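Listed below, chain by chain, are the residues.
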Amino acid sequence: MITEEDVQHYIERIPPSPAILKQTLSFVNEGELTKAASEAEGDMALQAYLKKLVNRPIYGFRTEVSDIHQIFGILGINGAQQVLYNYMLSLLSPSKWELFHLDAVSFQDLQAHLSRKWHKILTHLSIDNKDIESAITLLPASIIICEALFKSKQDEVNLLRTTSSLDYNTILKRLSGKDLFEICETIALTWEMPPVVINIIHSASGLHPDEDPAIDSLGQWMHLLLFYELSNSTSIEAGLNDFIDFQVEYVADIYEPFMALMEIE
Amino acid sequence: MRATVSKRIGIFHPQGFIDGNNAPTFLTLDDLHATENLNVDMVLISLKKVIFFNRNGLDIFVKALTGLRSKMHIVVGFCDYDSKKYQAILKFYGNNLNFSLFRTQKIAELFASSNKEGKKTVLLYHEDPSQRSAMAIELFDYGHNAIVAQSQSEFNEKKQNKDAFDVIVDETYLGMIGQKVATRVTGNAIIYTVSNFLDAEITDNFNISYHNNSLNVGFRLFIFDAYKVISMNIHALNFFARLSASAAEYNATICFVGLTFEKTPESFKNDLEDAGIMFFEQMDDILKDKELLAELGASSAAAIKSKRSLNKVIVNELPRFIDATVNTIEMMTNAKATKEAASVQPLTLANKENQVASSIGFYGDLDGMVILVFPQAIAKKTCEILIGEEAEDDEAILDAMAEFVNIIGGRVKALLSEYKISVDITLPRTYQSVDDLFEVVQDKRGVQVDLKFDEDKFIFFLTR
Chain P
1 MITEEDVQHY
11 IERIPPSPAI
21 LKQTLSFVNE
31 GELTKAASEA
41 EGDMALQAYL
51 KKLVNRPIYG
61 FRTEVSDIHQ
71 IFGILGINGA
81 QQVLYNYMLS
91 LLSPSKWELF
101 HLDAVSFQDL
111 QAHLSRKWHK
121 ILTHLSIDNK
131 DIESAITLLP
141 ASIIICEALF
151 KSKQDEVNLL
161 RTTSSLDYNT
171 ILKRLSGKDL
181 FEICETIALT
191 WEMPPVVINI
201 IHSASGLHPD
211 EDPAIDSLGQ
221 WMHLLLFYEL
231 SNSTSIEAGL
241 NDFIDFQVEY
251 VADIYEPFMA
261 LMEIE
Chain A
1 MRATVSKRIG
11 IFHPQGFIDG
21 NNAPTFLTLD
31 DLHATENLNV
41 DMVLISLKKV
51 IFFNRNGLDI
61 FVKALTGLRS
71 KMHIVVGFCD
81 YDSKKYQAIL
91 KFYGNNLNFS
101 LFRTQKIAEL
111 FASSNKEGKK
121 TVLLYHEDPS
131 QRSAMAIELF
141 DYGHNAIVAQ
151 SQSEFNEKKQ
161 NKDAFDVIVD
171 ETYLGMIGQK
181 VATRVTGNAI
191 IYTVSNFLDA
201 EITDNFNISY
211 HNNSLNVGFR
221 LFIFDAYKVI
231 SMNIHALNFF
241 ARLSASAAEY
251 NATICFVGLT
261 FEKTPESFKN
271 DLEDAGIMFF
281 EQMDDILKDK
291 ELLAELGASS
301 AAAIKSKRSL
311 NKVIVNELPR
321 FIDATVNTIE
331 MMTNAKATKE
341 AASVQPLTLA
351 NKENQVASSI
361 GFYGDLDGMV
371 ILVFPQAIAK
381 KTCEILIGEE
391 AEDDEAILDA
401 MAEFVNIIGG
411 RVKALLSEYK
421 ISVDITLPRT
431 YQSVDDLFEV
441 VQDKRGVQVD
451 LKFDEDKFIF
461 FLTR
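Just so you know, the sequences run in chain order P and A.
Those letters in the first sequence? Residues 1 to 265, per this note's numbering, in order.
Those letters in the second sequence? Residues 1 to 464, per this note's numbering, in order.
In short, the hints are calculated from the structure, not lab data.
Wrong hints could be hidden among the right ones.
Unchecked claim - Anything over 12 Å on all C-beta distances counts as not near chain A; from chain P, calculated: (1) P18; (2) N29; (3) E32; (4) I77; (5) D155; (6) V196; (7) H202.
As the list claims (entries may be wrong) - Looking from chain P toward chain A, a few residues come up when the C-beta cut is under 10 Å (computed): (8) H119; (9) L122; (10) L125; (11) V157; (12) R161; (13) S231; (14) I236.
Claimed, not checked - Restricting the straight-line Cα-Cα distance to at most 30 Å, the calculated cross-link-like pairs of lysine-lysine (DSS-like) are: (15) P/K153 to A/K339; (16) P/K120 to A/K49; (17) P/K178 to P/K96; (18) A/K339 to A/K420; (19) A/K339 to P/K151; (20) A/K457 to P/K153; (21) A/K48 to P/K120; (22) P/K173 to A/K420; (23) A/K452 to P/K153; (24) P/K173 to A/K380.
Please read all numbers here as calculations on a predicted model, not as lab measurements.
By construction, the Cβ of each residue, glycine as well, lies at the ideal position given by its N, Cα and C atoms.
Full structure from sequences and hints, please.
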């Protein structure tokens, strides 16, 4: 169904990050938000993405924010880096989703919800680190990869799933030896994302606990956050609820504080 | 979300958080409609991957499940939970628990009416004596040996000796149970358990499709375990007489064990005997008498109803059957297949060593049976995707083979439905040795396709 060669072929086709985006990120990392905004103005698609994103209800602005410099100012260094990575990810997403019932808007909504809630978690954990803040942006890459690899294999997967509750990630691992999160890590390396992003994502799969307790704890929070998001009606309707296997035991330690933080009763 | 089906149990596998808002999205009307069309004895919702649920969410699930139960007359409930979730459900529903709870899927399988597993020794405990008794009776009906602990301390003590029991049943609750006649397979005999007063309802409660198909796939001895039958009326008598007459076409035998005639007219016995039904006092009178078993046809499946040949519809569909099967095997093994030969003939194997076989029947607008014969190497490979590792023991391989042929059966069903041909599929059957398979197919003719996967040969045989 999917071979090691198919996975390798997919990895080889991951494009490098565009030059303007790379430079914008570089300015953000240096704390030069004005320069970053000016650089971003050179990419119309990036501008449009940023405007659409920050004007989503989840960001809570009463009036429309349209000036790119203003957007960078509002986002701050941490937020700007996160949003730029989200944009980078959206470049990988398909123009037409076939496996999952998603579109550009619903995918960006998912990115935005994950980012805002991740920010809430990091605030709760008193963590102020732009790289850790950006780690969440790589998580939806697993959905994009899954779509790309499995969209032409829906019938086979559905057939397999008539008797066995196998998730896409498990099927992929058993067939090709690589799982979705390992491919996410390859993307992060190609795009020169900070190592901490890779480590957290690795841990957030729920399958590879990190030796560093701090990273592992972030992986637990991220894994539970993902399943919190995948349990909402939109995600279930999109077919995302069971695309990877939820590792309930892995998140047992942080279940109570997560419930309190998200105000779930 | 669609239910997965294994061993005639349909299971939904939601993940994450369940509440009143998202529960209807997990089980939509479409999902429920698709479930109604499944041929299952039980529909459950697994809570294994659920970290949070509230009463509103469960209420929606329970409403959906009880709706299915009233339409399908099956057991419904939840499975795969820990103590905390079990206690939460008991707290939510208290005395109004009208669905079943099975701590694990393995426990649920013990209570599925078409149980094909062998006899299991089961340690059982529930704090409510009436639940203990109900479960013990059900387990007994399904052919298991239930050891009931009368107190928590006795249970704790007994369960220390884990090797003594195949399954330990606790934190389990039997809600309203399905009304189907319990069915189990022992060797080449099928045992149906009937109880109380037998009347016209037997027609609804007895799974005639399953019975007919069992005849088709080669079962020749059917035993009604009737120890708990109080009496029967003329409608039940007519039903059994008809059943026996149709079985006779296949040279199959129907027996009653443990039936007394204190409250049933003695003349009924004569009528049933005239219809060809035999009576025995004890189950062991049959099952432990090898000569009798052979005489009754349970040691082989030699006699087949009038010889059947492939019909035009099946032959026309053949390339699609084969393609569906080959695609599925390619998917499961990640290997390419080549077709070597295809012809209409009795099943012929050049090599009987290190082969495993499985079969699945389909019946309805069209009857037939797909038989697959694999080298063990391919069988092991298909296990890898289903269970994640290469299986070494025969039981795991045969289990995976059963799942595999089940997938093929599902595909055949879907394929035929595109042509408005409605069929149902049977439980898959596996054969540890090819000789067992030949007892069933005998000299039946069918379409044999020889396939090759790398260096491994594989046989697809389609017959009626």
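Do the hints match the structure? See the list:
| no. | hint | verdict |
| --- | --- | --- |
| 1 | P18 | holds, 35 Å |
| 2 | N29 | holds, 35 Å |
| 3 | E32 | holds, 41 Å |
| 4 | I77 | holds, 32 Å |
| 5 | D155 | violated, 9 Å |
| 6 | V196 | holds, 26 Å |
| 7 | H202 | holds, 20 Å |
| 8 | H119 | violated, 20 Å |
| 9 | L122 | violated, 21 Å |
| 10 | L125 | violated, 20 Å |
| 11 | V157 | holds, 9 Å |
| 12 | R161 | holds, 6 Å |
| 13 | S231 | holds, 3 Å |
| 14 | I236 | holds, 4 Å |
| 15 | P/K153 to A/K339 | holds, 23 Å |
| 16 | P/K120 to A/K49 | holds, 25 Å |
| 17 | P/K178 to P/K96 | holds, 25 Å |
| 18 | A/K339 to A/K420 | holds, 29 Å |
| 19 | A/K339 to P/K151 | holds, 28 Å |
| 20 | A/K457 to P/K153 | holds, 26 Å |
| 21 | A/K48 to P/K120 | holds, 28 Å |
| 22 | P/K173 to A/K420 | violated, 37 Å |
| 23 | A/K452 to P/K153 | holds, 23 Å |
| 24 | P/K173 to A/K380 | holds, 17 Å |
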